[in-house]
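**Q** First to last, the protein sequences are chains F and B. With this note's numbering applied, the first sequence covers 1 to 233. With this note's numbering applied, the second sequence covers 1 to 233.
Don't take every hint at face value.
Stated by the list, open to error - Covered by chain B, per the in silico footprint, the following chain F stretches (three or more residues, Cβ under 8 Å):
1) 21–29
2) 86–92
3) 147–154
It is worth saying that the hints were derived from the structure and are not from the lab. Quick caveat: nothing in here was measured; it's all calculated off a predicted structure. The beta carbon of each residue, even a glycine, is placed where N, CA and C say it ideally should be.
Each chain, written out:
There are 2 protein chains.
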Amino acid sequence: MEHDFTVNMNEFLPLRDVVFNTLRRAILTGELKPGERLMEIHLANRLGVSRTPIREAIRKLELEGLVTMIPRRGAEVAQITEKSLQDVLEVRRALDALCAELACDRITAEGKAALKKACDGFEAATKAGEIVEIAAADVALHDIIVQATGNQRLISLINNLSEQMYRYRFEYIKDESGHENLVSEHRMIYESIMKGDKEGAAAAARLHIDNQEKSIIRQIRIDPNRKNGSRRH
Amino acid sequence: MEHDFTVNMNEFLPLRDVVFNTLRRAILTGELKPGERLMEIHLANRLGVSRTPIREAIRKLELEGLVTMIPRRGAEVAQITEKSLQDVLEVRRALDALCAELACDRITAEGKAALKKACDGFEAATKAGEIVEIAAADVALHDIIVQATGNQRLISLINNLSEQMYRYRFEYIKDESGHENLVSEHRMIYESIMKGDKEGAAAAARLHIDNQEKSIIRQIRIDPNRKNGSRRH
DNA sequence: GTGCGTAACATTGGATGTATTTTGAGAGGA
DNA sequence: TCCTCTCAAAATACATCCAATGTTACGCAC
Chain F
1 MEHDFTVNMN EFLPLRDVVF NTLRRAILTG ELKPGERLME IHLANRLGVS
51 RTPIREAIRK LELEGLVTMI PRRGAEVAQI TEKSLQDVLE VRRALDALCA
101 ELACDRITAE GKAALKKACD GFEAATKAGE IVEIAAADVA LHDIIVQATG
151 NQRLISLINN LSEQMYRYRF EYIKDESGHE NLVSEHRMIY ESIMKGDKEG
201 AAAAARLHID NQEKSIIRQI RIDPNRKNGS RRH
Chain B
1 MEHDFTVNMN EFLPLRDVVF NTLRRAILTG ELKPGERLME IHLANRLGVS
51 RTPIREAIRK LELEGLVTMI PRRGAEVAQI TEKSLQDVLE VRRALDALCA
101 ELACDRITAE GKAALKKACD GFEAATKAGE IVEIAAADVA LHDIIVQATG
151 NQRLISLINN LSEQMYRYRF EYIKDESGHE NLVSEHRMIY ESIMKGDKEG
201 AAAAARLHID NQEKSIIRQI RIDPNRKNGS RRH
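With the hints as extra help, turn the sequences into a complete structure.
**A** Encoded structure:
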């Protein structure tokens with residue numbers, strides 16, 4: 001229990017970080033569409049800052065892979081291809097399995113309690129059927145497992161990779177038929193971690209990603225119009 | 001087989017990328033030491049450019065984890081702790097194993113030929129005993145496996161993680177006693193991939209990282225003076 | 001002699017100015 | 001009608017400038 005000044009600290013975030021977070025959110029929520037150009041002056045006017053913070057934010061987005069740079073032409077929102085999604089998921093499968101294994105060894109008593117609560121919470125959310133609730137519960141559950149590893153590098157990598165598919169998060173949750181699968185997968189991960197069964201936890205985590213992959217890829221094929229961005233003004 | 005303009009393109013790299021690469025190399029080779037402050041105006045004078053490209057390069061280094069930002073005070077070269085190294089290696093163990101597995105399925109005939117050549121080359125280099133040669137052969141070998149996965153995201157992640165321990169690369173090679181281990185580990189990975197034995201390849205890759213980890217950690221404990229940076233002027 | 005306060009300095013954060021490059025439209029010719 | 005060349009408009013890349021803040025050192029008081 002440190003101080004509770006953290007809230008006020010947000011006021012003092014450098015503008016570049018505010019812009020960075022704003023743009024990232026806009027890209028991940030689909031407000032800025034793949035292929036759309038990010039022009040410094042327009043963004044600067046829109047956000048009411050000068051070009052400098054915009055540029056620095058774009059540099060970071062570039063390294064994160066959310067925008068692609070074309071020299072002397074500027075940045076645009078990165079295209080998401082089926083291949084790139086599969087690449088991301090392939091890595092995530094390995095890293096989520098690693099998380100599950102490490103969590104078996106390292107999770108604390110409080111962690112276990114939180115995990116149980118999150119697992120129950122997810123089950124309740126699916127029964128209620130509220131998409132947003134389910135997504136939030138899903139994130140919370142995974143977050144506990146990831147955090148339990150205590151590996152800072154792993155934590156930030158997973159967060160980054162998860163982001164890449166953030167805009168598809170709702171797709172596989174909408175699919176009602178998958179709900180009981182989701183619940184049982186979560187429960188299997190949960191129980192394996194509780195027992196300290198590393199192989200079981202890893203296998204369950206992999207299976208979980210496999211199913212997400214199937215669901216997401218199916219959605220993309222059904223609705224491939226996301227590819228082309230449209231101008232905003 | 002696209003164009004072969006890639007070489008000439010280097011001439012047209014934006015200044016910020018030149019600075020980015022320069023600073024990154026300086027950090028990884030130890031020319032800029034952990035804890036050392038990166039002051040924009042000094043770097044600008046040193047490299048003969050203005051502050052703008054420096055700033056944008058630092059933003060990228062920040063996201064890559066090579067420098068840490070202190071608000072209103074600037075950037076400094078990130079400290080390397082034993083914990084952070086272990087974190088990196090823990091992730092690499094999983095990703096190298098994944099690479100080996102994927103390579104089993106996806107390596108081409110040319111890839112196999114190159115792999116054989118690289119493997120023999122490494123063995124020859126260890127016999128010759130030239131540290132630099134051995135390191136180069138080691139990189140070449142691993143590169144072939146990583147590239148064979150065809151997963152662009154995985155490739156860049158592994159490259160990034162490898163960089164984090166670049167300055168320790170020579171440490172575990174200097175250790176003469178480990179040479180025959182290195183050779184046999186490489187050979188085991190090589191043979192497993194040739195046979196398409198995924199489990200074997202993954203296990204061998206993990207073992208390989210385990211041994212590197214032991215060697216590097218031992219070196220750090222022997223020579224922990226790297227921790228504190230010194231001012232340059 | 002030590003500790004506190006203040007002022008000068010150094011450095012980052014952000015804004016603006018300038019030049020080069022790209023793009024796109026329009027005119028002219030095949 | 002289509003292609004090409006030219007020119008203008010716009011956007012990036014880089015440099016510089018101003019403002020705000022953190023740091024340091026000096027001096028004064030206790």
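**Q** Please check whether the region 86–92 of chain F has three or more residues whose CB lies within less than 8 Å of a CB on chain B.
**A** holds (count 4)
**Q** For the region 147–154 of chain F, does the count of residues with a C-beta closer than 8 Å to a C-beta of chain B reach 3?
**A** holds (count 4)
**Q** Under 8 Å between beta-carbons, do enough residues of the region 21–29 of chain F, three at least, approach chain B for the coverage claim to hold?
**A** violated (count 0)
In the structure shown, a violation is registered for the earlier hint numbered 1 alone.
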